[in-house]
Every structure is written in C-alpha cells, then in structure tokens.
Amino acid sequence: MSDPDSSLADLRVLDLSDGVAGAYCTKLFGDYGAEVLILEPPGGHPLRRHGPFPKDRPDPETGALWLYLGTNKRSVTLDIARPTGAALFRRLLAEAEVVVESFPPGRMDALGLGFEELRRIKRRIVLLSVTPYGQDGPWAGRPATNLTAFAAGGQMSLTGEPDREPLKNAGYQAEYQAGLQAFAAAALAAHYADAFDVPQHIGIAAMECMASVLELYLPWWAYLKRDISKRRGNVMSGMVGVFPTADGHIGLHVMPRNWPWFCRALGREDLIEDERFRTNYSRLQHNDELEAIVYAWAAEQKAKDVYRRAGEARAPIASVHTLQDHLDSPQLRAREYFHAAAGCGSGVTMVDQNRSLKAAASGREDAPAFRLG
Amino acid sequence: MERLPLHGVRVLDLTMAWAGPYATRLLADMGAEVIKIEAVNNWDLLRAFTGQPPNVERVWNKSPYFNHVNRNKYGCALDLSHPRGKELFLRLVAVSDAVIENFRSEVMENLGLTYEVLSQVKPQLIFISMPSHGKTGPEAHFIAYGTNVEQLSGLCHLTGYADGPPQKTGISYGDPMAGVAAAGALALARWQRRRRGRGQYVEVAQRENLINVIGEYKDERFADVVSRYRNQDALDAIIAAWTKERTKEQAADALAAAGVPASPVLSVPEVFQSEHLRSRRFFETVAHADAGTWEMEGPHWRFSETPGHVRLPAPCFGEHNDYVLRGLLGLSEEEVEALRTEGITGETPNWAVHE
Numbered sequence: 000m001s002d003p004d005s006s007l008a009d010l011r012v013l014d015l016s017d018g019v020a021g022a023y024c025t026k027l028f029g030d031y032g033a034e035v036l037i038l039e040p041p042g043g044h045p046l047r048r049h050g051p052f053p054k055d056r057p058d059p060e061t062g063a064l065w066l067y068l069g070t071n072k073r074s075v076t077l078d079i080a081r082p083t084g085a086a087l088f089r090r091l092l093a094e095a096e097v098v099v100e101s102f103p104p105g106r107m108d109a110l111g112l113g114f115e116e117l118r119r120i121k122r123r124i125v126l127l128s129v130t131p132y133g134q135d136g137p138w139a140g141r142p143a144t145n146l147t148a149f150a151a152g153g154q155m156s157l158t159g160e161p162d163r164e165p166l167k168n169a170g171y172q173a174e175y176q177a178g179l180q181a182f183a184a185a186a187l188a189a190h191y192a193d194a195f196d197v198p199q200h201i202g203i204a205a206m207e208c209m210a211s212v213l214e215l216y217l218p219w220w221a222y223l224k225r226d227i228s229k230r231r232g233n234v235m236s237g238m239v240g241v242f243p244t245a246d247g248h249i250g251l252h253v254m255p256r257n258w259p260w261f262c263r264a265l266g267r268e269d270l271i272e273d274e275r276f277r278t279n280y281s282r283l284q285h286n287d288e289l290e291a292i293v294y295a296w297a298a299e300q301k302a303k304d305v306y307r308r309a310g311e312a313r314a315p316i317a318s319v320h321t322l323q324d325h326l327d328s329p330q331l332r333a334r335e336y337f338h339a340a341a342g343c344g345s346g347v348t349m350v351d352q353n354r355s356l357k358a359a360a361s362g363r364e365d366a367p368a369f370r371l372g
Numbered sequence: 000m001e002r003l004p005l006h007g008v009r010v011l012d013l014t015m016a017w018a019g020p021y022a023t024r025l026l027a028d029m030g031a032e033v034i035k036i037e038a039v040n041n042w043d044l045l046r047a048f049t050g051q052p053p054n055v056e057r058v059w060n061k062s063p064y065f066n067h068v069n070r071n072k073y074g075c076a077l078d079l080s081h082p083r084g085k086e087l088f089l090r091l092v093a094v095s096d097a098v099i100e101n102f103r104s105e106v107m108e109n110l111g112l113t114y115e116v117l118s119q120v121k122p123q124l125i126f127i128s129m130p131s132h133g134k135t136g137p138e139a140h141f142i143a144y145g146t147n148v149e150q151l152s153g154l155c156h157l158t159g160y161a162d163g164p165p166q167k168t169g170i171s172y173g174d175p176m177a178g179v180a181a182a183g184a185l186a187l188a189r190w191q192r193r194r195r196g197r198g199q200y201v202e203v204a205q206r207e208n209l210i211n212v213i214g215e216y217k218d219e220r221f222a223d224v225v226s227r228y229r230n231q232d233a234l235d236a237i238i239a240a241w242t243k244e245r246t247k248e249q250a251a252d253a254l255a256a257a258g259v260p261a262s263p264v265l266s267v268p269e270v271f272q273s274e275h276l277r278s279r280r281f282f283e284t285v286a287h288a289d290a291g292t293w294e295m296e297g298p299h300w301r302f303s304e305t306p307g308h309v310r311l312p313a314p315c316f317g318e319h320n321d322y323v324l325r326g327l328l329g330l331s332e333e334e335v336e337a338l339r340t341e342g343i344t345g346e347t348p349n350w351a352v353h354e
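Same order as they appear, the protein sequences are chains A and B. Read in numbering that gives the first Met the number 0, the first sequence has 6 at position 7, and its numbers run on one by one without any break. Read in numbering that gives the first Met the number 0, the second sequence has 194 at position 195, and its numbers run on one by one without any break.
These aren't lab readings, by the way, just hints derived from the structure by calculation. Among the hints, a few may not be true.
Stated by the list, open to error - So the derived label-pair ranges between C-beta atoms look like this:
| no. | chain 1 | residue 1 | chain 2 | residue 2 | range |
| --- | --- | --- | --- | --- | --- |
| 1 | A | Val75 | B | Arg194 | 25 to 31 Å |
| 2 | B | Val94 | A | Arg73 | 40 to 46 Å |
| 3 | B | Ala337 | A | Arg225 | 39 to 45 Å |
| 4 | B | Arg90 | A | Thr61 | 54 to 60 Å |
| 5 | B | Glu105 | A | Lys301 | 23 to 29 Å |
| 6 | B | Glu244 | A | Pro103 | 26 to 32 Å |
| 7 | B | Pro52 | A | Leu146 | 39 to 45 Å |
| 8 | B | Glu1 | A | Pro41 | 34 to 40 Å |
| 9 | B | Gly163 | A | Ala291 | 19 to 25 Å |
| 10 | A | Arg73 | B | Gln272 | 26 to 32 Å |
From a predicted model like this one, the values you see are computed outputs, not experimental measurements. We put the beta carbon where it would ideally sit given N, CA and C, even for glycine.
One chain only, chain A, in its complex shape (with noise of 0.2 Å):
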C-alpha cells in the first residue's frame, strides 16, 4: 500500500505475472511506495499454492512465499482472457505507467493486448515482460522452471564441488535475479516514459541476466578464451572460500590489500612480511601451505568469534548466517530490517535530504498482502 506522503505514489504498476520473478519485480515498487495492483485468475494467483504453509496446511492466504511476495501490493480478481475483464483490464490501464507480465511470449499479442494496442489506450505505457528465455529465438518457447532457467544461465555449471554433480542456489535464484533486473529496468523506463513521453517494452530474460554476471569467467573466456570455470566447491584457495570452525563455517575474501589485516585477524602477524606470502602472486605460488594455515586455524575457531574479532580488526571474514542469525543480529536488528507486518526492508534507503536516516527507516510499517479478490 502506498504511502501518502511518498512521492512515488504517482507510480502505478499493473502485474499480470504469475511467478517469482514479476512478483519480486512488483513487490520492489510496492516497497518503494508505488501502487501495485495483482490481477489475479480466477481461482487465485499461482504463488498462493506454494508452501510452505503454518502447520503444513495449504491455504491460499498462508503461503508464506506468497506473503512474502504480495507485501505492499492490492489485489483484484480479473479474467484479462474475458470480454469483461480485458474490458476492466483496458480502464485500469489508461491509468497506470507499468504492466508488467510474464506469459509466454506472443500470448498477450494473442489476447489482443499487445504492446502497440497497450500503447495506443495508453501513449506513455511501459510494458514489462519477464521470461525465462526472452521473447524471441529457438528458446523463447520452451517450457521453464526456476530450475532449468538457472542451468541455462551459467552460474549452475559454476556452482557445487568439483567431483559431484552441479548444484542450485537455494531458492529461486533465477528467477530473483530476473525479477531484480527488471524492477530496475521498468523504474528507469517509467521515468523516461513520463519525462521524455517515450513508451517502451522491455523484454527481460531469466538467461541473460544470469548470464551477463558470470563474474569474470565469461570475459575470461571471451577474451582469453581460457576455460576457468570448472567448479571448485568451497575453496577457491587460502584467501576466497568457505571453511569448516569447530561450530560452524566462516567465509574468507581476502583482496591484495586486505592481506595485513586478515594476517592480524589470524593471529599471525608474521605472516605479513614471510616472503612466501608477501604479494598475490607469491601467495598464489604457495597456496598450497596457506590453506593449510587457514584450515588449521579455522578448526580452533569459533564462528561468531571469528565474525566479530575479524570485524574489528577490519578483515573480510563473515560467519556464514542461519536465518536464526538474523533474527539475532545486532545489525539487523538497530536497522530495524525486520518490519512490524509480514515483509521485512528492501535493503535501499531512500533519504529525504530533510530527515535523519534512522527516521526514514523506522517510519514504515509495511502492508501484508492482501486476501483475495
């Protein structure tokens, strides 16, 4: 729901999607302060099926991925494939600057609602479209999950120890990723369209956001064409990688000028000038020992000591966080991330020059997601 004194209030986003990626899209400009309005299919929008649910038991208003997910956002049932609805779909239309949709390509051309009929009842529209595989080429039909846009990315063949088989980030990455970008992509729209009068369809592909970050393996390959990207598990060497403590893991990513602060933070203080170690490249050359020294170390550790003690002393080791860390968190918790309704921050502060950072932050108390109809 939007807030009244928000001036994106303005902003009015129509979401015709049906998965993670356009609802996260939404729930973005929900968050921000936008007016977004779920038109959901008779029978209710898709993500009210998924679990989990309170005592595993499904209802369409307890899905947690739907509460989630539907945050800031108000809802009304509507059958756009329906004379009536496509009527309604027309009116809601002539006032909102963002639709976003995430058919497969060519169905809203089909319904009669494509982007020049989207563009002649409204001049300024920006129509968003989020997919797995964009809306052309050999792909763009073929049927998808979160799981199969992700292997087509990239980033899985990365991602898992060598010897076994590739692995899935943990919940719906792909389509995070695609639903991320394509906030970013209509907001901006959404500004040139209403400044400059420039209506627009964006075409945003689960594929080629994965693929435009795959770190510098691509380049690597592009330019070099040398192969780096066999997966490597945990550990990418003494410095990068995930290590085992005596309670838990901590995670190590120590650049060249990190190297004296993360010496200190080992207790090794020696370490700074042992010629072994005393550039990137030497350490490379001897990473074999300094693994050892970091394995060695880590399984004395406590993780949340280490978190601490190495947060102090300015070097770049993080615990690896349960969600129950969150809860925990000191952090977290004097940024207030956590709100009052069922979502929890955006992550962005936006800071009215007029007040203080910490009233901008505490003075919001998010909408939970509307019931249905």
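Once you've looked at the hints, dock chain B against the given chain A.
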C-alpha cells in the same frame, strides 16, 4: 530512433570492484555519461585480474573482467584525498546528476565528501552509497566482499548438497544483486526528483539487499526432508538411467518437445556459444585501443524503442582526463600538466597498490 533513456545524465562513479561498477554499467548501457574516477594510488582492483603476465605493455588496460564490467564508461584519474583533487571533484559535482560509491562505510566521511557537503554544491544531486552492512549499526565498519555478503545473507547456509556443508555459490553473488538494486534506486530517485525538485541520499546495504531474495524464510533442506515425495530416490534412478544414455542436449530437447521443462546445464563456453543467445544477438563486438577486438555480452535490458548497445570500450586508465579536466572543468593544458606532475591525475596507475 529516440535517444537513449539516460542520455545527458552525468554520473560520477567512484565505485570499484564489481557491485558498484555493475550498477554503473547498467546506467551506462542505458545512455548515462558515466565518468569512472580512479586515482594513481587508488585504482579499480579488477584491472589487476588480467590473466596475462605483468610485463605485458599497459596490462592494466587489458583485464577482460574490468573491460566487461566497465564498458560504455569514461575514465578519469583524480586523487580525491588531495585538496586540489577534492576541489576539482566538487566542481564536477556541480555539473553532474548523481554520485555513486561502494567504499568501506567511513571513506566518504574521511574524505569530507558526504551527502551533506555535496548536496550544498548541487541540491538536485542523487547520492548513492553501497556499503556492505549499511552506514549505521554496530557492524557498519565491518568489511565484506561479494562472497561474504552471501554468507551473511543466509544464501550460503541454505545452498548445498543434502548431506553436505553450506556451499559457496558459483559467483560473488551479492555484488551484481546490489548493483541492480542501486540502478533501480537511482531510477526511482529520478522519478521523485522530477516531482520534488531536489535529489536525495540513497543507501543500498548489500547484506540486506541479498537477504531480500531469501525472502520467504524457508529452510529448503529441512523442508525437503519433511515434504519429499515418497520414492523420490527410486524415481531419480529411473530418470538418471534414461538421461545417461543421451547427451545433455538430446535429453533436454526430447523433454522440451514433450512439454517438460528441461535445460542442459550450460558451461560458460557453452553460454557464449548458445544458439539461442546468438540468435538474439546477445553478444556484441567491442574494439579497445589497448586490448584489441573481441565479443562481449550486450545490454540484457531489451528496450523496444531505445535499444542499448556496447557503444564504447571500457576506459583505459585516465583515458578521458582531458575531456573531464579541460572539457568539463575548463582547466588549461598547463594546469592539467601540473596535476600530472603532482600525481593528482595521470595515465599510469601505481601497480604496487594491488600486488
């Protein structure tokens, strides 16, 4: 054809590594004039990921990782820790739309370049900070890079084999996710600025941004044990017996033809060669003065009216010093030379910084 959506929008880009530069790449792809500011003694460490011997000539301009993330941008070397560099930076702020940084949380304050200071110079300025933990709270001063962010978010805890430890994902996942969020926040700040006439300060806390995509708070590995379909293992064995007799492409094609969602697990070189992506012209050719010519992934936000493209190669270190210092700030050739002599600007980074 219409002009690009961010045509004429000048962004002063102080970001380095991946998260911030990915944000500004998205803006640059959409037409923003992104000016990447580095310094002789504080340059983007991605320039050091060269994959080539250090004695290669001007090797800092040949890092493929840097050159992919920083395409479509301009580059200027300016030492913000020097009073003269700071003064020139404030003059640039006066003629820019946005400033974006992803330093450690206290760096801008130490430089005396906070939002309060910059918005005095330009009230319409949008100022985006991307600290890992946020600028407030008891852990604000902790340092975290992309893989740390996923450890802090719960993603690492939840990812892994059923019988295994928490698993690092394949990329520094927190980085690009924060970058996209920052680009989106800039777009909304522009929407608001058009109505209020003034800019604002935006903070993207990378850790919180990533917790958001763990949103529904479900521990999959436990849920899996509780809700696992009966006979799942037997079913897996039957499917595996079928798939093992086929290549991954044959298996996926046969399943897709039967209406079953399926995809081969594509390796990075296979993504690069993908017939689907090629038919969508996803890869574009770039020509770079020092690094030569090759293909890189193009803008993946497919805009119907104003399609983005790779228009400019990533900047060589200090490549646009003259454009920025003389063109935008009106300094004379002698003044720029004096800056060069004092090391406030330059065309050669100090390699020892990231050794």
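Now for the hints, and whether the structure bears them out:
no., hint, in the structure
1, Val75/A / Arg194/B: 25 to 31 Å, "27 Å, holds"
2, Val94/B / Arg73/A: 40 to 46 Å, "42 Å, holds"
3, Ala337/B / Arg225/A: 39 to 45 Å, "42 Å, holds"
4, Arg90/B / Thr61/A: 54 to 60 Å, "57 Å, holds"
5, Glu105/B / Lys301/A: 23 to 29 Å, "28 Å, holds"
6, Glu244/B / Pro103/A: 26 to 32 Å, "30 Å, holds"
7, Pro52/B / Leu146/A: 39 to 45 Å, "41 Å, holds"
8, Glu1/B / Pro41/A: 34 to 40 Å, "39 Å, holds"
9, Gly163/B / Ala291/A: 19 to 25 Å, "22 Å, holds"
10, Arg73/A / Gln272/B: 26 to 32 Å, "45 Å, violated"
Hint 10 alone, counting from the list given before, is not met by this structure.
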